[in-house]
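Student: Go ahead and model the full structure; you've got the sequences and the hints to work with.
Residue numbering for the sequence shown follows the numbering used here, starting at 498 and increasing by one per position.
I should point out that these hints are in silico values taken from the structure, not numbers from a laboratory.
For clarity, every value in this text was computed on a predicted model and none was experimentally measured.
Glycine is no exception: its CB is placed at the ideal position from the N, C-alpha and C atoms.
Be careful, since some hints might not be right.
Label pairs and their computed distance ranges (CB to CB) [claimed, not checked]:
#, residue 1, residue 2, range
1, E518, T572, 42 to 52 Å
2, Q516, E562, 44 to 54 Å
3, V579, Y537, 16 to 26 Å
4, A564, Q587, 15 to 25 Å
5, Y537, Q589, 19 to 29 Å
6, R575, L513, 49 to 59 Å
7, H568, L524, 25 to 35 Å
8, G558, K523, 31 to 41 Å
9, K523, Q589, 30 to 40 Å
10, R529, E565, 26 to 36 Å
11, R525, E550, 28 to 38 Å
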Amino acid sequence: MQDKTRQHLENQLRCLKQQREATKRKLRTLARQAQRDRRYRCGTLVELAGLAEVDPDILLGGLCELAEMIHDESTASRWKVVGETKLAAQRQRQSHRQPLVTSTMEEGALPTDSNSAPR
498 MQDKTRQHLE
508 NQLRCLKQQR
518 EATKRKLRTL
528 ARQAQRDRRY
538 RCGTLVELAG
548 LAEVDPDILL
558 GGLCELAEMI
568 HDESTASRWK
578 VVGETKLAAQ
588 RQRQSHRQPL
598 VTSTMEEGAL
608 PTDSNSAPR
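Tutor: Structure, rendered in structure tokens:
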């Protein structure tokens with residue numbers, strides 16, 4: 498009886514260790530995804546600002562100075578207005594793009610208008 502109990506507890510312990518490892522892997526994956534998303538957003542902002550082609554040393558130096566200047570409330574609020582305007586314009590441009598596939602089409606269905614029929 499004691500042997501069965503011991504074996505049962507060892508099995509439970511093994512399962513818990515596997516669950517812990519799986520949870521750790523999921524957390525590492527989520528952290529990598531969050532970091533990748535953050536980098537992607539930052540890269541998008543650099544492109545919107547027209548700085549994608551700037552020498553990396555110059556860009557980093559400018560960002561370091563920006564990090565010091567951001568604490569001035571009047572400067573930060575002025576920059577915020579400019580940024581909001583740029584982002585709103587970008588969203589407006591994106592909202593006018595035609596989707597490649599409309600959501601009303603069922604998967605596998607072909608378009609029915611005469612312009613897109615195969616010839």
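Student: Against this structure, judge whether each hint is valid.
Tutor: Verification of the supplied hints:
Checking the proposed 42 to 52 Å range against E518 and T572 shows it holds: the Cβ atoms sit about 48 Å from each other. For Q516 and E562, the Cβ-Cβ distance of about 48 Å falls inside the hinted range of 44 to 54 Å, so the restraint holds. A beta carbon spacing of about 22 Å between V579 and Y537 agrees with the range 16 to 26 Å that was offered as a hint. The hinted window of 15 to 25 Å between A564 and Q587 holds, with their beta carbons roughly 24 Å apart.
Here the CB-CB span from Y537 to Q589 is close to 21 Å, well matched to the stated 19 to 29 Å. Range check, R575 to L513: Cβ separation about 55 Å, and the 49 to 59 Å hint holds. At about 33 Å, the CB distance of H568 to L524 agrees with the hint of 25 to 35 Å. Against the hinted window of 31 to 41 Å, the Cβ-Cβ separation of G558 and K523 comes to about 38 Å, which satisfies the hint.
Separated by about 38 Å at the C-beta atoms, K523 and Q589 satisfy the suggested range of 30 to 40 Å. A beta carbon spacing of about 30 Å between R529 and E565 agrees with the range 26 to 36 Å that was offered as a hint. R525 and E550 have their C-beta atoms about 34 Å apart, which keeps the hinted 28 to 38 Å range intact.
Checked against the numbered hints listed earlier, the structure breaks none of them; every hint is satisfied.
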